[in-house]
Amino acid sequence: MNGLPGFLRRLEGPQTIGRGPAFWIIFAIVLAIACAYPLFSDGYTVGNTVYFFVWVFIALSLCLIWGYGGSLSFGQTAFFGIAGYSYGILTLNFGAAYGFTLVALVLAVVIAALFALLLGYFMFFGRIAGVFLGIVTLAVTLMLERFMAQTAGPEWRVGVARLNGFNGMSAMSPLTIPWPGGDIVLFADIGLYYFVLGLLVLVYLGLRILMNSSFGNVIVAIRENPERAEMLGYDVRKYQLITFVIGAGLAGLSGVLYTVWGQYITPSSMGMTAAALPLIWVAVGGRSDLTSTVIGTLVVLAAFQALTIYGSQYALVFMGVLLVLTVLIAPNGLVLGAMNLLSRLVVHRGKGGV
Amino acid sequence: MALLELRGLNKHFGGLHVTNSVDLELEAGEIHCLIGPNGAGKSTLFRLILGEHHPGSGNILFAGENITALKSFARIDRGLSVKFQVPGVFKGLSVRQNLEIALQRQHHGVELAREIDRLLTFLNLEADQEQTAGNLSHGQKQWLEIGMAVGLKPRLLLLDEPTAGMSPEETHQTGEMVQRLNVDGMTVLAIEHDMAFVRQVAQRVTVLHLGQVFAQGSIEQIVADERVAAIYLGQAHV
Chain R
1 MNGLPGFLRR LEGPQTIGRG PAFWIIFAIV LAIACAYPLF SDGYTVGNTV
51 YFFVWVFIAL SLCLIWGYGG SLSFGQTAFF GIAGYSYGIL TLNFGAAYGF
101 TLVALVLAVV IAALFALLLG YFMFFGRIAG VFLGIVTLAV TLMLERFMAQ
151 TAGPEWRVGV ARLNGFNGMS AMSPLTIPWP GGDIVLFADI GLYYFVLGLL
201 VLVYLGLRIL MNSSFGNVIV AIRENPERAE MLGYDVRKYQ LITFVIGAGL
251 AGLSGVLYTV WGQYITPSSM GMTAAALPLI WVAVGGRSDL TSTVIGTLVV
301 LAAFQALTIY GSQYALVFMG VLLVLTVLIA PNGLVLGAMN LLSRLVVHRG
351 KGGV
Chain P
1 MALLELRGLN KHFGGLHVTN SVDLELEAGE IHCLIGPNGA GKSTLFRLIL
51 GEHHPGSGNI LFAGENITAL KSFARIDRGL SVKFQVPGVF KGLSVRQNLE
101 IALQRQHHGV ELAREIDRLL TFLNLEADQE QTAGNLSHGQ KQWLEIGMAV
151 GLKPRLLLLD EPTAGMSPEE THQTGEMVQR LNVDGMTVLA IEHDMAFVRQ
201 VAQRVTVLHL GQVFAQGSIE QIVADERVAA IYLGQAHV
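From first to last, the protein sequence lines stand for chains R and P.
Residues 1 to 354 (the UniProt record's numbering) are what the first sequence spells out, left to right.
Residues 1 to 238 (the UniProt record's numbering) are what the second sequence spells out, left to right.
Derived from the structure by calculation, the hints contain no laboratory data.
Just so you know, these numbers come straight off a predicted model, no measurement behind them.
From the three backbone atoms N, C-alpha and C, an ideal C-beta is built for every residue, glycine too.
There may be inaccurate statements among the hints.
Sample of chain P residues facing chain R (criterion: CB under 7 Å; computed from the structure) [to be verified]:
1. Asp77
2. Val82
3. Gln85
4. Val86
5. Gly88
6. Gly92
7. Ile101
8. Ala102
9. Gln104
10. His107
11. Phe122
12. Phe214
Distance ranges between label pairs, derived from CB positions [said to hold, decoys possible]:
13. R:Val201 - P:Lys71: 34 to 44 Å
14. P:Gln129 - R:Ala97: 24 to 34 Å
15. R:Ile329 - P:Ala230: 31 to 41 Å
16. P:Gln106 - R:Leu345: 35 to 45 Å
17. R:Ala276 - P:Glu130: 29 to 39 Å
18. R:Gln263 - P:Glu130: 31 to 41 Å
19. R:Tyr264 - P:Lys153: 24 to 34 Å
20. R:Val201 - P:Asn38: 51 to 61 Å
21. R:Ile309 - P:Glu130: 12 to 22 Å
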């Protein structure tokens with residue numbers, strides 16, 4: 001990949017699994033299948049797939065903060081909720097004309113990121129680390145959930161948008177792209193599918209570039225040994241804060257897309273279960289790699305949904321078992337373990353053939 | 001001119017004075033060794049210089065600038081660098097990446113790759129560059145960390161027991177390396193228990209005892225000092 005501009009060369013590197021023509025051919029095939037898939041499926045299934053995709057962004061945010069950065073955040077769902085509610089409040093008040101829903105999407109993500117900037121500033125510059133970071137972020141999430149839960153009364157409104165407590169906020173506009181021949185409304189099927197797929201590819205490739213850049217080097221260095229990183233001249237807290245804010249933006253993106261998908265959001269999206277599930281997807285997949293996080297999240301989500309047919313409690317128990325098994329068998333993640341095994345086999349066979 | 005100046009540095013944890021009014025001047029271009037019995041306050045002094053601890057009172061001047069209130073990373077920016085006592089490499093990353101992280105602030109692109117290669121040769125770690133740093137031998141980890149510290153091209157290099165766990169031969173090589181760096185203009189302050197190493201490199205020696213500067217001079221003067229022999233050298237070393 002030597003002919004490419006510098007930043008594209010960073011699509012591969014020590015921080016991300018997958019390199020060389022073989023990987024990118026597989027990537028192109030998977031992407032082609034993903035693009036063609038709605039043509040061979042029905043609207044409901046496609047909409048359901050969008051639902052899976054929506055969660056991948058919050059999983060990637062955890063991959064970034066926890067897997068690469070080494071700081072376990074329980075608070076990603078807080079940013080998810082803040083952005084989701086922000087989108088609702090903005091579009092319920094200002095409508096969908098002139099492409100405002102897209103502006104609202106960006107604004108909602110920015111609001112979540114700003115909140116993370118404030119929270120992160122006090123945490124990282126207050127030298128809160130390790131398990132305490134998890135506790136503080138979880139507390140913030142649950143606080144937000146409790147707060148939103150008591151907003152059922154009519155006095156809790158922002159403009160015309162009622163917060164509505166556990167009844168949830170609903171009927172916000174779907175994403176609408178202004179178009180000369182009439183606006184394109186992205187309902188939760190094919191339209192939204194391509195939009196979210198596009199975002200997903202952009203975010204995935206963007207994160208690959210980021211993690212293989214000198215910034216990514218510092219992030220993993222801080223995970224490995226923060227004292228050494230500081231003694232190489234890096235302001236550790238600044239890097240942790242930036243990572244946290246980027247992660248919050250991604251979690252916020254998840255929140256907006258979720259709200260757009262169902263035109264609905266409730267406080268439970270910030271509850272204990274909601275906070276714990278992304279951790280499980282990411283841990284099972286393999287938190288220290290972007291690709292294994294994406295694959296793991298999609299597989300576990302699909303399995304989870306298949307199991308809820310027999311009752312959602314059983315599915316949750318299954319998730320717990322899955323987490324325990326991961327910790328016991330492959331602490332770095334089942335998908336990541338399988339990927340490493342596979343690549344070792346390929347390398348081994350390659351050597352044997354010579 | 002003194003490159004590093006410690007003036008009346010005090011640090012106490014509770015009632016324990018770990019460093020008690022330490023005054024120390026380091027001339028630019030010298031190799032200075034810090035010796036003394038366990039608990040003398042040597043490592044604490046390093047932590048104060050690096051900003052990991054902050055002194056109760058006293059000042060730290062680096063190249064004339066008062067850096068007492070600066071954060072650690074800012075002190076590194078001014079031209080300090082350290083090799084810790086326990087090897088502080090990034091264990092989960094490759095040897096090459098370890099060096100890249102150290103060097104990427106000063107070098108970019110092709111120049112960065114060339115600089116890493118040069119350092120790998122210098123450290124004799126070329127063959128192990130793709131190896132995970134955690135899998136290196138103890139001595140190799142020490143070398144790698146010295147390489148990272150040196151890669152910053154500091155004006156003052158702090159070495160906390162650089163030869164701990166090394167064979168006599170490796171110790172001697174490390175000494176030669178320190179001397180080479182010194183010839184190129186690097187000032188070195190080393191904490192060391194290994195007197196062979198101190199004899200090999202030290203131009204001046206400071207003995208710390210109970211948090212205070214106990215004696216200072218050339219290695220010959222220190223070795224000849226009966227008071228030093230009584231508290232430290234006489235026990236196990238020489």
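Each hint, compared with the structure:
no.	hint	result
1	Asp77	holds (5 Å)
2	Val82	holds (5 Å)
3	Gln85	violated (12 Å)
4	Val86	violated (10 Å)
5	Gly88	holds (4 Å)
6	Gly92	holds (5 Å)
7	Ile101	holds (5 Å)
8	Ala102	holds (5 Å)
9	Gln104	holds (5 Å)
10	His107	violated (10 Å)
11	Phe122	violated (18 Å)
12	Phe214	violated (28 Å)
13	R:Val201 - P:Lys71: 34 to 44 Å	holds (39 Å)
14	P:Gln129 - R:Ala97: 24 to 34 Å	violated (58 Å)
15	R:Ile329 - P:Ala230: 31 to 41 Å	violated (59 Å)
16	P:Gln106 - R:Leu345: 35 to 45 Å	holds (40 Å)
17	R:Ala276 - P:Glu130: 29 to 39 Å	holds (37 Å)
18	R:Gln263 - P:Glu130: 31 to 41 Å	violated (51 Å)
19	R:Tyr264 - P:Lys153: 24 to 34 Å	violated (58 Å)
20	R:Val201 - P:Asn38: 51 to 61 Å	holds (58 Å)
21	R:Ile309 - P:Glu130: 12 to 22 Å	violated (47 Å)
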